[in-house]
Every structure is written in structure tokens, then in C-alpha cells.
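Residue numbers (my numbering), protein chains in the order written: chain H, 1 to 122; chain A, 1 to 223.
A hint or two may mislead.
[To be verified] Here are the simulated distance ranges between beta carbons: (1) A:Ala109 / H:Ile5: 19 to 27 Å; (2) H:Asp83 / A:Leu45: 15 to 23 Å; (3) H:Leu6 / A:Val90: 26 to 34 Å; (4) A:Thr2 / H:Pro31: 32 to 40 Å; (5) H:Gln19 / A:Phe82: 37 to 45 Å; (6) A:Trp218 / H:Met1: 51 to 59 Å; (7) H:Ile9 / A:Asn164: 36 to 44 Å; (8) A:Leu7 / H:Leu90: 29 to 37 Å.
In case anyone wonders, no lab produced these hints; they're calculated from the structure. A virtual CB, placed ideally from N, CA and C, is assigned to each residue, including glycine.
Residues per chain are reported as follows:
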Amino acid sequence: MKKSILFFIQIACLTALYQLSVWTVSTLNIPIPASVFGMIILLLLLLTGIIPDRFIGSGAAFLNKHLAFFFIPIAVGLMAYGDLIRSDGLALFLMIAGSSIIGLLITAGLSTILSSKRRSKQ
Amino acid sequence: MTILYILLTVTVYLGARVISMRCPSPFTTPVFTATAVVIAILLALNVSYEAYTPAKDIMTFLLGPATVALAVPLYHNRQVLFERLVPAVVGLVIGTMSTIASAVWLSAAFGLSETIQATAAVKAVTTPVAIEAAIIIGGDPALAAAFVMVAGIFGAVFGPFLLNIFRIKDPFSRGLGIGTVSHGIGTSQAVLEGPLQGAVSSAAMGFASIITSFVLPWFFPLL
């Protein structure tokens with residue numbers, strides 16, 4: 001019982017932090033999405049020890065584990081593009097797949113090569 | 001009806017999770033299978049996306065807080081992140097620019113319209129940034145959201161698989177690549193692969209969205 005109340009309080013705190021970020025980003029015209037801004041703020045709060053890790057740990061772990069769920073209702077929105085998918089679907093898919101593969105391999109490949117070079121220098 | 005749509009989505013998601021744990025494969029990635037099944041059911045029942053939207057709004061209420069919560073794995077892995085900051089930033093910046101350029105060039109090669117080419121440029125980043133950036137360079141914001149979804153699902157489904165094929169085993173680089181090209185959806189899969197992958201992927205997602213919004217307005221006209 002105590003655990004589940006704590007859990008809901010943690011989720012509520014994360015929600016409050018997010019809403020605060022939405023407000024800050026729109027009021028100050030910060031060109032970063034509110035969720036990324038909130039992530040940076042929470043990281044700073046954790047790094048400075050203002051919020052101890054154990055205070056939000058289990059709520060955050062739960063949300064992280066089920067992050068994929070929150071994207072499903074949004075991705076269902078693709079059903080509204082039936083006509084476009086029927087006319088240009090294959091070309092669009094190949095374009096998105098091809099450019100994603102290029103970006104993925106360049107990013108991960110460069111990071112692997114540069115890191116191993118640095119390590120061998122040290 | 002809204003409650004029924006929520007129940008449907010939650011049930012399909014939980015079922016998709018069980019299947020992905022019993023038969024792990026790119027094709028059982030929950031965000032892919034669950035989305036496909038929910039769409040199929042709604043189409044079979046003749047339910048429009050407009051009718052489903054109130055349920056969507058309720059279910060996505062926690063998406064913002066869940067993204068904020070990614071700061072926790074980031075915090076746990078702070079040491080590695082600081083140690084490997086330089087190679088990570090170099091990889092991420094070059095990777096972001098190459099995914100933008102290749103998306104635009106591939107769209108042009110396939111003879112897709114200029115609006116689609118501009119929209120393609122923003123597909124790798126998280127939705128709010130993609131929408132804003134698409135407007136600035138002459139793309140279509142609604143279509144941008146759709147491209148972002150496809151790019152995210154593609155990265156979640158095939159990202160780990162492609163990295164295996166190319167023998168990129170380093171968990172740090174895996175997370176970096178996935179977060180850079182497939183934002184939150186890829187990150188939701190990277191989190192399940194391992195805490196370090198999840199942490200680096202969240203950082204990469206955030207950083208790629210910032211880089212894209214700064215770079216795109218001058219980089220896109222050059223392509």
C-alpha cells in the first residue's frame with residue numbers, strides 16, 4: 001500500500017515537472033521540445049542532489065519500461081494516411097528506411113571507431 | 001467508447017509484449033505489432049482515427065513525463081557519457097546530417113514532391129521538433145508526424161538487427177545510433193536492450209533534436 005502511494009506520488013512529480021517544462025518552454029520561447037527540456041532539468045536536479053535518485057526511481061523505471069506503449073496510440077494515426085500509403089507507400093518506406101540505415105550506421109560506426117582510437121592513445 | 005478503445009490498446013500492447021518476450025525477433029517489436037493490430041481492428045470495425053483521438057489523448061498524457069523520466073538512466077550512466085562525449089558528439093552530428101541529406105536525396109531520386117522532400121528531412125527527430133522544423137523549411141507538419149512514426153518504428157524494429165549484422169556490439173554506440181535516427185520510439189526499444197543503451201539513446205534523441213532544429217534551416221537549402 002505504502003509503496004503504491006509512493007509510486008503514484010513519483011509519477012505525479014514527473015508530470016508536474018513536465019507541465020512546468022511546457023510552461024517554461026512556451027513562455028521563454030526556448031527552441032527545444034518541452035520533454036527534452038524537462039529531461040535536462042531533471043538530470044540537473046539529480047546531478048546537484050536536489051532530488052535524490054531514490055525519490056523518483058521506481059516511478060521513472062516503470063515509465064521507462066513502458067515508454068513504447070505511449071507511442072502506440074500516436075502511431076495508430078498512420079491509418080489516416082491510407083491513400084498516400086497506397087500511392088507512394090513503397091517509395092516513402094524505402095526513403096525512410098534507407099536514410100535511417102545510413103544515419104544509424106554512420107553514427108554508431110563513427111562513435112565506435114573514434115572511441116577505440118582514443119582508448120588506444122591512452 | 002473511449003474506455004473501450006483504451007482497454008483495446010492496453011490489451012493489445014500487453015499481448016504484444018508477451019509475444020515479443022516469448023519469440024524475440026525484430027518483427028515482434030511491440031510498438032510495431034501492437035500498432036498494426038490496433039489499426040487492423042479499428043479498420044475492421046469501421047472506426048475512424050477521429051473517433052479514436054479522445055482515447056489517444058488520455059493514453060498519451062504520460063508520454064511527456066515518461067520522456068522526462070529518461071533523465072534517471074542518463075544520471076546512472078553519467079560517467080560513461082562524460083568520458084565518451086567527444087566521439088559521441090562527432091558521431092551524432094555527422095550521423096544527423098547524413099540522415100537528413102540521404103532522406104532528401106532519396107525522396108528526390110524517387111521523384112517525390114518538394115514538399116515531401118522537405119518533410120523527409122525532419123523524419124529522424126522527436127515529433128514536436130519535427131513539426132516545427134518542417135514548417136520552417138516548407139514541409140507538411142501533419143505528414144512530418146507520420147514520417148517520424150515510421151522512422152521510429154523502423155529504428156525500433158530493425159535498428160538492433162542492423163547493428164548486429166554490421167557487428168557493432170559496443171552498447172554505447174548502439175544506443176547512440178538508435179537514439180539519433182529513431183528518437184523516442186527507438187529509445188523505448190534501446191531501454192529494453194540495456195540501461196546503458198537506453199541512457200545513451202535518450203541523450204542522443206535530445207541532442208539530435210536540438211542539432212536538427214539549429215542546423216536544418218541553413219543545411220536544407222544546400223541539398
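Cross-check of the supplied hints:
1. A:Ala109 / H:Ile5: 19 to 27 Å: violated (57 Å)
2. H:Asp83 / A:Leu45: 15 to 23 Å: holds (20 Å)
3. H:Leu6 / A:Val90: 26 to 34 Å: Since Leu6 of chain H and Val90 of chain A have Cβ atoms about 42 Å apart, the given range 26 to 34 Å is violated.
4. A:Thr2 / H:Pro31: 32 to 40 Å: holds (34 Å)
5. H:Gln19 / A:Phe82: 37 to 45 Å: Because 30 Å falls outside the window, the suggested range is violated.
6. A:Trp218 / H:Met1: 51 to 59 Å: holds (57 Å)
7. H:Ile9 / A:Asn164: 36 to 44 Å: Since Ile9 of chain H and Asn164 of chain A have Cβ atoms about 40 Å apart, the given range 36 to 44 Å holds.
8. A:Leu7 / H:Leu90: 29 to 37 Å: holds (34 Å)
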